[in-house]
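Both chains come to you apart, so use the hints to assemble them.
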Amino acid sequence: MTLLAVERIKLFSTRSPWWCMGLALTLMVGFAALVSGSADSAGDVSVPVTQFGYSFALAVILVLATLSVTTEYRFNTIRTTFQAVPSRTSALLAKTTVVALVSGVLGTIAAFGSLGVAMLLQPDASLALNSEADWRQVAGTGLVTFFAAVVAVAVGVLIRHTAGAVSVLLAYSLVAEGLVQLIPRVGDDIHQWLPFNVANRFLTGNPDVAVVFEGPGASTSTLSPWAALAYFAGFSIVMLLIALVTAKRRDA
Amino acid sequence: MIEARGLTKRYGKTLAVNDLSFTVQPGRVTGFLGPNGAGKSTTMRMMLGLDNPTSGEALIDGKHYRELRHPLRKIGALLDAKWVHPNRSAYAHLRWMAVSNKIPVSRVDEVLDLVGLTAVAKKRAGGFSLGMSQRLGIAGALLGDPEVLLFDEPVNGLDPEGILWIRKFMHRLADEGRTVLVSSHLLSEMSLTAQELVVIGRGRLIAQRSTEDFIHAATENTVKVRSPQASKLRDLLAGTDAALRDDADALIVSGLDAAQIGEMAAANQVVLHELSPQRGSLEEAFMQLTGDSVEYHTELTETVDQLVDVNR
Ligand SMILES: Nc1ncnc2c1ncn2[C@@H]1O[C@H](COP(=O)(O)OP(=O)(O)OP(=O)(O)O)[C@@H](O)[C@H]1O
Ligand SMILES: [Mg+2]
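Residue numbers (the working numbering), protein chains in the order written: chain X, 1 to 252; chain W, 1 to 312.
Bound-form chain W, shown alone (with noise of 0.2 Å):
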């Protein structure tokens, strides 16, 4: 289990992460969500005891990070698949890793053999693919046999098939039993990888439920109304505990289901010219969530363009 208390970075003038509590529990997938400059790498970091936090403390099973005796028997991290020296071998780097925390030396071929990197072990590492070094930084994670993993944006810049492959393996970790803690600046691929969601905003904590409730929530069915007597049936409305909002010439109705607002408006002889449910969209959910949180704009439209891509 990872547990944030009331977890505080500054940089200078930037407050990083803003006093953030959260749990991760294992046997599941959780999901790290929030865009871009949210704060997750820095709270990933903090986790690991490479950054100070500035208050608050994070905890793995109730223990800070740095009183782990051998940390890569108990948490494997990928951060950054490129923190690895270019000219070293995969195996090299992988051995000395195993030989920091008295992990088996056997274990190294077992891991390389584990994301198919056999093939590849001796030569140097500068020469990988961005697939191949991710699988390589997973390797380096797994090495321990860990309970507990993390992964920064893990599928960043890999290929469908890489993603494919990827979020299988997070699956199995989490049948597994293990504590998995995924980051993404991407709700859609977050909503097939993780089980549960832990959202946060300028490195505040937005939300922290199950992906499910997240998405029914975020989701939340609407209904378009079109009348030419439109105040008339504004009134009717008015009198139901359903919410109102305008759009143009139609009235946007959420908490009636297009059946009940039809059955009244024929009781009341409204007429009606469109009588449309609208479906909610996961990006539509994600920045009304995180709307006023995110911290460049232009870095949003990037984030819903490539939310629509993806869905397509």
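Chain X on its own, in the form it takes in the complex (with noise of 0.2 Å):
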């Protein structure tokens, strides 16, 4: 507990992180104002539509997690965390729990913004959370940035430097991933297994419910949604592991 309170002190210590959660914030839930906003009936705003702005802040979010740790190896202040908790493990291992925390209701916080919005600017919309799909939909962001943020803070372990960091991150989570599918014959079968993608399937649920172009991209993960979560939080955990054995061994 005191460990998680010594990383709370310095998450909110410094501004980088404020900025970043009001970004986050702004534009997941402006875009879903935007989008509903500017629809032309009622009937063309659905659950996933309010979603819209969800990989956006998935990218915020993964720009935080990383900062949190790549700013303390950039100060230096990492020698004085480790100096002040002698077992690197545990240092990191509470950093990692306050910043997925963070991110997880942060996240939580921006897809309910998001409907909430919508709702009110298109009062008619049928936008009650009816089926499990939609309940997994907004309620279930909050866990994939959860274990989006332990990716990230482990990335951030093992590479130290914020742009190098962020631009791994960020140019795979985004980029790299879709790439994959242009590979010929094996593409889609690596694509399948990819956790951004995998982690879109928890989200999205079945494709033909899915919209393509809105909120989190269709997936083309088999799995069923939880086991998508499962699989995906699995990922982020080995991560995590391999960050903090990287730590422990090398010099600080």
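Among these hints, one or two may not hold up.
[As the list claims (entries may be wrong)] SDA-like, lysine to any residue: derived pairs with alpha carbons at most 20 Å apart:
| id | chain 1 | residue 1 | chain 2 | residue 2 |
| --- | --- | --- | --- | --- |
| 1 | W | Lys168 | W | Gly27 |
| 2 | W | Lys82 | X | Arg160 |
| 3 | W | Lys123 | X | Thr2 |
Since the hints were derived computationally from the structure, they do not count as laboratory data.
Fair warning: this is a prediction, and the values are worked out from it, not measured in the lab.
What follows is the structure, given as structure tokens:
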């Protein structure tokens, strides 16, 4: 508990996390307002449509989580951290927990905020969360951002430089996974198992429900939604373990 | 007490610290002295468990750093005053450190007061001058009221007033019975700050003894003698256990004082043109000691220049 309090103080005593949180919320809720406000009729606005800004918010959350580690390396406060808490595993686990919780809560607020603003702007649209798929799409966002933050912290620990870690994460999650599909023959088979693609499967469920250009993209994964979440969570934990072992071994 | 046992650190091809063993006792300031690149900072990082030794170990009161339960309460350190997030306030920086080691948060105000930063406690640390950063670093080191303190080049870049402040501070800490290890590449500075010296060069231990002994031995007196009967004088002196060295047309004699040489010359009717006692200087001594162990010779020249400046 003590270590969680330490990481909470560290995270919220600088400005960049506040900026990132504000930006993530503004982007996601803002896009929901834009998309639903400019819709021709209430019938065009559905639950998936309200989540249009999801990938932008996810990108900002990845940046927030990465920065929480890489700024410590940049300013060498990681050394002060390990001096205060010589068990590097405990210190980094506490940081991961705090950052993932903040990211999860932020994702949840952004998703429901987007739904809420659409309800305000299109009172006649049918935006009640009637099905399990609707619930997953909105309430599930927080779960995905939670584990995505774990991945980002791990990458931050491994790469240590802000620019490097952020570009790897964004290029990978936004571009690289999609490009894999272009590989002849095996591309689609590989793509099916790539983590961010699988995470979308959890949010969007069956491809026939998903609207391709809105919100989290349709996924080519064939896992069931909850198996998809478990897969993504497992991926994030493996990344974290690699990061913890690496941090323990090398010089701070 | 701090103890280094066969401490060795290799970075790729560089052997930064080479089989270093020494102890640091409580109740006095121990200077950790060596030219640039000698391995002082690396040794201190290993003492704090930040860098893993290639072999050997560093012990704090018999324990490895990683075994300390609340390390900040046992050993405080200032390795680099810039190790602070520039957008975090001095207060927030010390607060998270205090919380991490279950130190009452009220202690944060105490140490800020101690180093005279109370007025700027809520300001962002990135805007601090070097002297203020250094004070913040010292506040962090003192936070847990530790028995052992490590400071890496704490006076680097400070103005004379700041240097004096730090020097007095170190003495106070040692007088309170704490173990204080302070690194520096300036012997002249250390001669004023430290009672005990650990001198290293190229990662190896060169000497560990009291500053007084060190300076006494290092600045051994010699006598310069010029005589038109140089060879006769030389023969006379060779019969004693004095050491001789040529310096242009003069002889440099060590092991005898000017009176003894003068009387010996008079008794044997040797004419002397010059008989002058020479005092060795600290910087010469330091150079002689670390001479073969200096890594960068350009930096050595700088060190000497600085030594000369400080002595003036
Ligand atoms: N992380 C590192 N990676 C590679 N080499 C290093 C590293 N840290 C130190 N070194 C090398 O180890 C040697 C000792 O460096 P160190 O910083 O410990 O010396 P120092 O005595 O503190 O010198 P200075 O007076 O300049 O601060 C140097 O040759 C340095 O280049
Ligand atoms: Mg150094």
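Hints, one by one, checked against the model:
Restraint check for Lys168 of chain W and Gly27 of chain W: satisfied, since their Cα atoms lie roughly 14 Å apart, inside the 20 Å limit. Annotation: proposed proximity of Lys82 of chain W to Arg160 of chain X holds, straight-line Cα distance about 18 Å (limit 20 Å). For the suggested pair Lys123 of chain W and Thr2 of chain X, the alpha carbons sit about 25 Å apart, so the restraint of at most 20 Å is broken.
Checked against the numbered hints listed earlier, the structure breaks hint 3 alone; every other hint is satisfied.
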